[in-house]
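Enquirer: One letter stands for each residue in the lines below.
There are 4 protein chains.
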Amino acid sequence: MNNKAIIQAMKQRVYEANLALPKLGLVKLTWGNVSEINRSLGIIVIKPSGVKYQEMTKEQMVVTDLKGQLLETNALKPSSDLPTHLYLYQKMPEIGAIAHTHSLNSVTWAQAGRALPPYGTTHADAFYGAVPCTRALSESEIKENYEEETGKVIVETFHEQELDPLAVPGVLVYGHGPFTWGMTPEKAVENSLILDEICSMARLTEIINPDVEPIDHFLLDKHYLRKHGISAYYGQ
Amino acid sequence: MNNKAIIQAMKQRVYEANLALPKLGLVKLTWGNVSEINRSLGIIVIKPSGVKYQEMTKEQMVVTDLKGQLLETNALKPSSDLPTHLYLYQKMPEIGAIAHTHSLNSVTWAQAGRALPPYGTTHADAFYGAVPCTRALSESEIKENYEEETGKVIVETFHEQELDPLAVPGVLVYGHGPFTWGMTPEKAVENSLILDEICSMARLTEIINPDVEPIDHFLLDKHYLRKHGISAYYGQ
Amino acid sequence: MNNKAIIQAMKQRVYEANLALPKLGLVKLTWGNVSEINRSLGIIVIKPSGVKYQEMTKEQMVVTDLKGQLLETNALKPSSDLPTHLYLYQKMPEIGAIAHTHSLNSVTWAQAGRALPPYGTTHADAFYGAVPCTRALSESEIKENYEEETGKVIVETFHEQELDPLAVPGVLVYGHGPFTWGMTPEKAVENSLILDEICSMARLTEIINPDVEPIDHFLLDKHYLRKHGISAYYGQ
Amino acid sequence: MNNKAIIQAMKQRVYEANLALPKLGLVKLTWGNVSEINRSLGIIVIKPSGVKYQEMTKEQMVVTDLKGQLLETNALKPSSDLPTHLYLYQKMPEIGAIAHTHSLNSVTWAQAGRALPPYGTTHADAFYGAVPCTRALSESEIKENYEEETGKVIVETFHEQELDPLAVPGVLVYGHGPFTWGMTPEKAVENSLILDEICSMARLTEIINPDVEPIDHFLLDKHYLRKHGISAYYGQ
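Residue numbers (my numbering), protein chains in the order written: chain S, 1 to 236; chain L, 1 to 236; chain W, 1 to 236; chain F, 1 to 236.
It cannot be assumed that every hint is accurate.
One copy or two, either will do: identical chains are not told apart, so a pair holds if it fits within one copy or between any two.
[Stated by the list, open to error] Below, in silico cross-link-like pairs of lysine-lysine (DSBU-like), each with a Cα-Cα straight-line distance of 35 angstroms or less: (1) LYS152 / LYS11; (2) LYS4 / LYS222; (3) LYS52 / LYS222; (4) LYS143 / LYS4.
Hints listed in this document are in silico derivations from the structure and should not be mistaken for laboratory results.
Since we're looking at a predicted model, the values are computed, not measured.
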């Protein structure tokens with residue numbers, strides 16, 4: 001495949017992944033975006049800013065270099081969250097795609113400022129431990145390069161807690177909402193869906209039993225490792 | 001466009017905005033209404049009273065002057081909330097359209113009698129600070145000109161709290177429900193949708209963290225001002 | 001219209017009202033039933049017992065006399081709740097149709113054993129005061145004529161609390177669920193929908209403000225009476 | 001019907017029952033599976049592992065013997081939960097089909113580690129008493145034969161509490177989620193739907209009344225026995 005065909009295929013995947021967000025109930029209005037990186041070509045494809053999902057076309061997906069410079073003429077403005085995506089791609093070389101939403105259940109844990117505890121196997125199947133919540137950004141971080149600082153505080157959180165971005169493929173940004181990632185746009189969106197569902201499950205679990213504790217580490221291991229890594233035996 | 005064409009276009013927009021309410025899950029039965037004002041012509045178009053959404057036609061939209069007098073022969077009765085709309089249009093010269101619903105999450109904050117605190121960026125993107133809740137109306141206010149008094153207590157609330165109706169495009173009426181507004185019927189409905197969603201988010205956030213505090217004012221500023229005003233950089 | 005045509009029209013209305021229950025999200029599986037009475041003919045039409053909504057036909061609607069005796073040959077068995085309907089029709093001569101569901105929000109107030117307080121105007125628009133919850137039935141009441149005793153405890157509740165069945169068109173049966181009624185099957189179902197919605201609103205309102213009080217009686221009066229009775233001014 | 005036709009009919013029922021899970025909102029992604037046993041032929045048919053519902057075909061349903069050995073060439077891998085199903089079929093000779101989901105409301109009770117109390121007649125219509133929650137599995141149980149141990153702890157729970165699997169056709173597995181069963185795949189899925197609904201009802205009931213008690217045993221008897229057993233009078 002030549003570069004042009006590669007970019008068209010990226011646009012198609014990014015377009016479909018963005019459309020999946022409202023279809024899955026993860027975004028209302030224009031509250032979300034998905035991007036994909038091609039590291040060998042040094043390009044990123046991302047949703048345009050503020051365009052309605054029902055009017056969006058594949059061709060409108062925005063192509064930039066790794067610094068966010070537009071690579072096509074007559075391009076629309078990229079999502080205002082692009083600098084967050086750029087920083088994550090730079091510091092997490094394992095990941096291939098990122099999704100950001102304002103989905104109800106994930107946002108509420110982010111607003112509550114709490115990491116999401118692993119209360120069951122639904123969580124353990126996709127996230128290998130608690131999903132962290134970042135600290136609040138300072139006034140200067142918000143006033144200067146806010147979107148890039150959002151990326152920085154995510155990376156800081158993973159660094160301080162010694163987390164593997166592939167084992168914990170998402171984060172809650174304090175007062176804001178979730179970012180998730182994966183090898184492909186489809187997988188990044190799937191992780192957004194799972195994160196929202198386990199955020200809902202965790203809130204309801206605490207209502208039913210306010211003294212609930214996270215599951216045992218060996219149950220967490222079992223479920224995560226039967227789906228991921230060299231000993232996985234789930235799926236075809 | 002001549003006046004007749006202007007009125008037809010208003011009817012079309014008001015009709016579509018009213019139909020959007022049940023489609024977005026914001027009203028059941030006949031529990032909502034949207035209106036639009038044309039200040040240069042001195043006319044208002046509003047939903048007829050008690051007509052089912054699935055049977056409603058564009059032609060049934062009711063045209064009145066700024067005092068609520070019907071301007072077309074054989075017109076249906078306007079929404080019983082018309083006097084509230086009239087008073088808001090009179091005292092809020094910046095706004096062009098109003099939406100009223102009994103949407104679940106907004107109503108519950110109104111019934112709880114609490115202003116909606118800004119707990120995250122989803123709120124800050126559309127409402128520049130807490131969404132106020134009015135005081136309860138007195139017995140005499142309810143018995144005499146109830147619907148107009150509803151408009152008055154909204155304006156009183158914005159006046160006492162020194163709020164800008166364009167920066168805080170909605171209100172919770174104590175024991176009743178939300179009114180939102182905007183430059184267009186579409187935007188007024190969009191603000192109803194956002195208000196309902198952030199009402200849901202706020203309730204769930206308080207469940208997850210009963211000690212949650214509103215977000216920092218500089219995060220509120222950042223998100224509101226990246227979408228609104230002369231420094232906005234969101235969207236195309 | 002001759003009697004046969006009257007009965008066919010009743011079957012059609014009862015059929016459509018029963019189908020509306022799953023469509024409105026008020027019943028799953030076969031958990032609900034609607035009936036209509038024609039007092040001058042002395043007949044009742046009700047859903048058959050345990051028939052799936054997607055397979056039900058208009059012809060299967062069951063016609064009985066006022067004691068529940070089948071009036072057509074080859075009729076299906078009527079809903080097992082028929083004796084409850086019969087007793088309500090006997091003691092509430094004002095009503096023309098009854099709906100029973102296991103809708104989520106209404107059931108939870110019935111299971112909680114609490115009357116539903118009027119916390120807002122959505123409630124007041126349709127129910128003129130709290131919606132009562134019956135006492136628990138005794139062991140002998142449950143063992144003997146359970147379904148008729150359910151009707152009796154509803155009537156007992158309305159009698160003891162001096163409630164007007166047309167002003168409060170529904171009830172919560174302790175540990176069981178809601179019964180609602182109206183002049184027509186369509187209206188009985190509409191009252192089921194409203195009751196479920198205000199049950200949801202009331203629960204969420206108490207979560208947001210545990211100290212919430214019912215609305216003032218004059219606001220209750222205003223909203224109920226602008227929609228009902230000789231001074232009503234809502235609708236066409 | 002010859003054996004081939006019997007197996008094709010089983011595949012069809014298992015396929016349809018698996019498809020019903022996402023349609024009923026009981027599973028997202030690939031989080032669920034349904035199986036059926038034919039005890040005279042000594043075979044089981046179950047969903048393949050990790051296959052997306054929208055891409056799944058009837059032919060992909062996996063046929064095994066009672067020890068889980070594949071009986072068809074070119075078969076896909078069976079659901080990783082197959083050993084749980086096998087153990088349940090072995091120890092519960094009354095049942096003909098099993099369904100497993102990660103449905104929201106059932107999972108949250110399982111994560112909370114609480115048996116589901118019978119708070120109303122919706123529960124009593126299908127489950128004759130509390131739905132039990134298993135103890136947590138030990139580290140060695142999880143590390144060795146995890147899926148079979150899941151079956152064992154379910155059977156242990158029913159044995160210790162002296163429960164009849166046909167009277168209580170489901171269980172909550174601690175930290176994981178629900179398994180339900182019935183005579184047919186359709187009925188096993190129906191019991192998953194009911195269990196999820198009564199889990200939701202119970203949580204909301206406790207919110208509305210934290211002091212709620214289970215319903216009286218004679219009301220439980222009445223509702224269960226009017227739908228089940230020789231004195232049943234519900235349905236046609």
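Enquirer: Now tell me, hint by hint, if it's right for this structure.
Expert: Going through the hints against the structure:
1. LYS152 / LYS11: within (26 angstroms within a copy, 49 angstroms between copies)
2. LYS4 / LYS222: neither (43 angstroms within a copy, 38 angstroms between copies)
3. LYS52 / LYS222: between (42 angstroms within a copy, 22 angstroms between copies)
4. LYS143 / LYS4: neither (38 angstroms within a copy, 49 angstroms between copies)
Checked against the numbered hints given earlier, this structure breaks hints 2 and 4; the rest are met.
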